[in-house]
Amino acid sequence: MFARALQSSAIRSTLRSQHKAFHDSRICNSALHNILAGGASPSTQVKTITAEGINLADGRIIPSSCIFLDGKVFLWQTPETFWDGWGTEHFEVFDAVVPKPEILLLGTGKRLILPPPSIRQYLTSIGIQIDVMDTRNACSTYNLLAEEGRRVAAALIPLSARSWKRTQ
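The numbering of the sequence shown is the numbering used here, which starts it at 1 and goes up by one.
Please note: incorrect hints may appear among the correct ones.
Restraint-style ranges between C-beta atoms, simulated for each label pair [stated by the list, open to error]:
(1) 87 to 59: 28 to 36 Å
(2) 121 to 96: 17 to 25 Å
(3) 112 to 144: 15 to 23 Å
(4) 133 to 88: 14 to 22 Å
(5) 110 to 57: 19 to 27 Å
(6) 93 to 116: 15 to 23 Å
(7) 150 to 74: 15 to 23 Å
(8) 121 to 48: 28 to 36 Å
(9) 129 to 83: 13 to 21 Å
(10) 85 to 147: 32 to 40 Å
(11) 137 to 70: 33 to 41 Å
I should point out that these hints are in silico values taken from the structure, not numbers from a laboratory.
For glycine and all other residues, C-beta sits at the position ideal for the given N, C-alpha and C.
Let's have the full structure, built from the sequences with the hints guiding it.
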């Protein structure tokens, strides 16, 4: 009888401490954590999209058009209007890289604006699937696919696009 009472009191105190530890646990750096991920998180992740530009998880703000490719961010010079002045030369970087991304997410600013068939045909001819959407959705999809470890690239135009200015 004494052994049984001792066991139950030991179990109760263990449960109390575990219960307290569970409810006192702090949330890690981000609100969500992928418990199934095997490796490190992707080096380029979008935190938010604002009128100032694309805010990355590392604190950088990209105020103008950019390309996310292989975990890196590249400045992307684009014409000011859709799709006047656009050609396949704006997407030739994707033909030069090895390995090529499986999919290119094209973020077209505040709303979806479909590219001309010539651009779609060019990207398909070099083996890249293109998915066109507004920039907010393109960034969310990029984060998800990059987290899954997919070979994904994003060509993004911010909500209020600005031209790059040379500093020299």
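A quick look at each hint next to the structure:
Distance hint for residue 87 and residue 59: a CB-CB separation of about 34 Å, consistent with the stated range 28 to 36 Å. Restraint check, residue 121 to residue 96: a C-beta distance of roughly 18 Å satisfies the suggested window 17 to 25 Å. Checked against the hint of 15 to 23 Å, the pair residue 112 and residue 144 passes, with Cβ atoms roughly 18 Å apart. For the hinted restraint 14 to 22 Å between residue 133 and residue 88, the CB-CB distance of approximately 21 Å keeps it satisfied.
Taking 19 to 27 Å as the suggested C-beta distance range, the pair residue 110 and residue 57 conforms, at roughly 22 Å. The beta-carbon spacing between residue 93 and residue 116, approximately 18 Å, falls within the hinted interval of 15 to 23 Å. A beta carbon spacing of about 19 Å between residue 150 and residue 74 agrees with the range 15 to 23 Å that was offered as a hint. Distance hint check for residue 121 and residue 48: the Cβ-Cβ separation is about 34 Å, which falls inside the suggested range of 28 to 36 Å.
Roughly 19 Å separates the CB atoms of residue 129 and residue 83, a value that falls within the hinted 13 to 21 Å. For residue 85 and residue 147, the Cβ-Cβ distance of about 35 Å falls inside the hinted range of 32 to 40 Å, so the restraint holds. Range check, residue 137 to residue 70: Cβ separation about 22 Å, and the 33 to 41 Å hint is violated.
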